[in-house]
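Model the placement of chain L on the given structure of chain B, informed by the hints.
One-letter residues, chain by chain:
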Amino acid sequence: MPLLEFTPSGIYCRQADIYIDPWRKVNKAIITHAHSDHSRWGMKHYLAHPMSIPVMKLRLGNDISVQPVEYNQKLNINGVEISLHPAGHIPGSAQVRVSYKGETWVASGDYKVEDDGLSTAFEPVKCHTFITECTFGLPIYKWKPQSEIFREMNNWWKANQENGLTTIVTAYSLGKAQRILQNVDTNIGKIYTHGAVENTNEVLRKAGLDLTETSLITRDTTKKELQGNLIIAPPSALNTPWANRFKPISDGIASGWMMLRGTRRRRAADRGFALSDHADWPGLLQAIKATGAQNVITTHGYTSVFSKYLNEIGINSVEEKTLFIGESIDTAEEEKGKEEAVS
Amino acid sequence: MKDFAALFTALDQTNSTLKKVDALAKYFDRSNDQDKLWAIAILSHRRPKRTVKTTLLREWAAEEGEIPLWLFEEAYHTVGDLAEAIALVVPESSEQQNESLSYWIDLIISLGKEEEETKKTAILAAWHQMDAAERFVFNKLITGGFRMGLSQKLMTRALAKHTGIEESELAHRLMGDWSPQTTTFNELILTKDEKADLSKPYPFYLAYALDGEVSDLGQPNDWFAERKWDGIRGQVIVRDGQVFVWSRGEELVTDRFPEFQSFAEALPHGTVLDGEIIPVVDGIPLAFGLLQRRIGRKTVGKKLLTEIPIHLIAYDLLEYDGKDLRGLPHLERRAMLEKLVRNHPVDRLLLSDLVAFTEWKELTEVRSDSRANHCEGLMIKRKSATYQVGRKKGDWWKWKVDPLVIDAVMIYAQRGHGRRANMYTDFTFAVWKGEQLVPFAKAYSGLTDAEMREVDAFVKKNTIERFGPVRSVHSELVFEIAFEGINASSRHKSGVALRFPRINRWRKDKPKEEANTYKDLIQLLENYGQ
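Residue numbers (this note's numbering), protein chains in the order written: chain B, 1 to 343; chain L, 1 to 530.
If you're looking for bench data, these hints aren't it; they were derived computationally from the structure. Some clues are possibly wrong.
[Said to hold, decoys possible] Below, a list of computed lysine-lysine pairs in the DSS-like style, where the Cα atoms sit at most 27 Å apart:
#1 B:K158 / L:K2
#2 B:K308 / L:K461
#3 B:K158 / L:K19
Keep in mind that this is a model prediction, so the values were computed, not measured.
Just chain B, with the same shape it has in the complex (with noise of 0.2 Å):
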């Protein structure tokens, strides 16, 4: 029997009768970070870093049964070790190691190599078998380092202020959000946020996290007011009444999928930054290296490349299917999201 198995609900612990981010009901889970297809509602009860707590309350509601959960704090739970190490995915997020009379798994959810500086940074953990995701298993996807796409995305913010534009830029209101902020620079103006984005931020704050002051846009917030300032907003408002009204404005879209001129176009947007919360390509090859394992089970993204890849370069690996989503091309796939399996 494998210490953990890929059943119905979700990557199950039977030794600990526990479950890794289910996707069906379940007593007891533990969560790796708080985005929609890793924390999913209906769990009797949760355990989670306690950065992830305040979100999945937002979205999953106050009344949730949570126990928090510190990296590389030590549970044992019927002779199985279980504890949380930083994944550098997002503010929480956490890989789950579990070992059980000397073999150890890990799982690692969604994770980035590079240090965001939001984000507590990714550190490898040994085991023997690591579970991972691909979402950008392709040697295609190569991110540049942040500070470089963040001194574009100041360059070009500063020439839409000089030209009376107001600049949007979407990204996922839970990380993606909270990393531009934290990175551009306030020098140029002012941030505004969606509300969506400044809900996030304000729970992030509330957890202890310290952000960068943003402002919420209201109904009374003017064109005026905004102009030549920075707007945070979900990937859904691009394009709707709610963005238009700023006009004129830049918009640009901040996703790993923009590392490709065919979605750049496809998304009508002025600019696309391939900034992504997920490992690229030497990132998932690097962590995986680091871990030392023999075997990986690859769960979400490019699976059956990436699982082929890993057994040619002399690493055991096969795919599972899962319900996990990764970075979503997609805005509507973002918010319905939970049916969707991406094999």
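Just chain L now, kept in the frame of chain B:
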């Protein structure tokens, strides 16, 4: 090259034609003549001949990226563009280059006669000196298929801005058979040469599809109507005892249609005809499929010449007695054309007859029997209109017949190219033959972006099997497929070949069982096949 790559990026980053034209005009302002000329050539689809095979480029890119070739192929299918896939896979290096666009194009051209090893050394060296954006543009120069999101029309506008020469004059100067290797910017663009190249055609005037009611055009008496012939648009030029034939794509196709050589004797010199190149037997045009057999060949054998006799059905006269007639009203050009054809009868030259009508509803009737007459519909042209440059709204309208349609089930999907990269957007459709689904058409265009995303998600969720880039999916989605014509075909398993198949709409209202049958398809073939 840095400037050209920056231009490319700038064009990519805006949807505003104004800004695009501006960016290109600025590029012209700061570039040397040879670079300008190459930029014009590329934007008018005159790229240098391919000197390095793409299979080699793939191998080298995989080697440089330190990945197996199969993985490179996967990456390529995801990107949907070979030049871009290579640019992304090859690692960044710290080397730099500052050579001009022409320098790199000359290098590419010079590789034509070199050994494979020399080619490899030169290409790898180039890749190493470039950043990803430059590398992409460089690869595009080799592989072709340059789409910079800027039509030839807009390019001409930018050039007009840069030179101060009028757009229509430039459009004419840019026509014909030239290459930066045989001419200079000064010679081609800046010099007004009275006895310009004998072969030089006029820019084609193109019609818009009629979108409203035909009666909205006003007085029927202000308009001419003709059949819309289903051949290829062409210009036949007779000058100085020589004949030149141009296709609409600005391709010189004289050799493919030796039938027109007799025009040199028969027609007065300094004559340019605009018309449809089409096979005609006993006054009846033949199916487009037959013409395709001719188009594909550079040289034509005796058998084909007899079986598929090409004619020109002329509908306009652009030059007579060496004089440009484009500024005259259509009414006058038409009269001169009729007189010319009457006074100079020549085998293979036909006149496109006018359809007589006094009321719009008569025209509606004529249009409805288009398919039986092997026509695509009608052309409606304003009698007072001059012959303009490019696609212009207002005076020339095409009024096509409604397409044929059939409801089919999607059974395979493949990832698309360009804007559809990394999405399953190219589909194979099938109809029912008993319990079996028989594939009969492939189509990709016709869905909205939102529908495209929805279908893409369906494909990812409903994959049965993968064959390389193709996935078979659960037969569930029904689409209405529209097409312009249908013919028997021994090359297709279904036994039919469709003309211009595309997705008309997604029949979300129809369960798969209610899609059309193979029998329905064959019925269409019997009714409309040619």
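Earlier hints that do not hold, by number: Hints that this structure does not satisfy do not exist here, as all of them hold.
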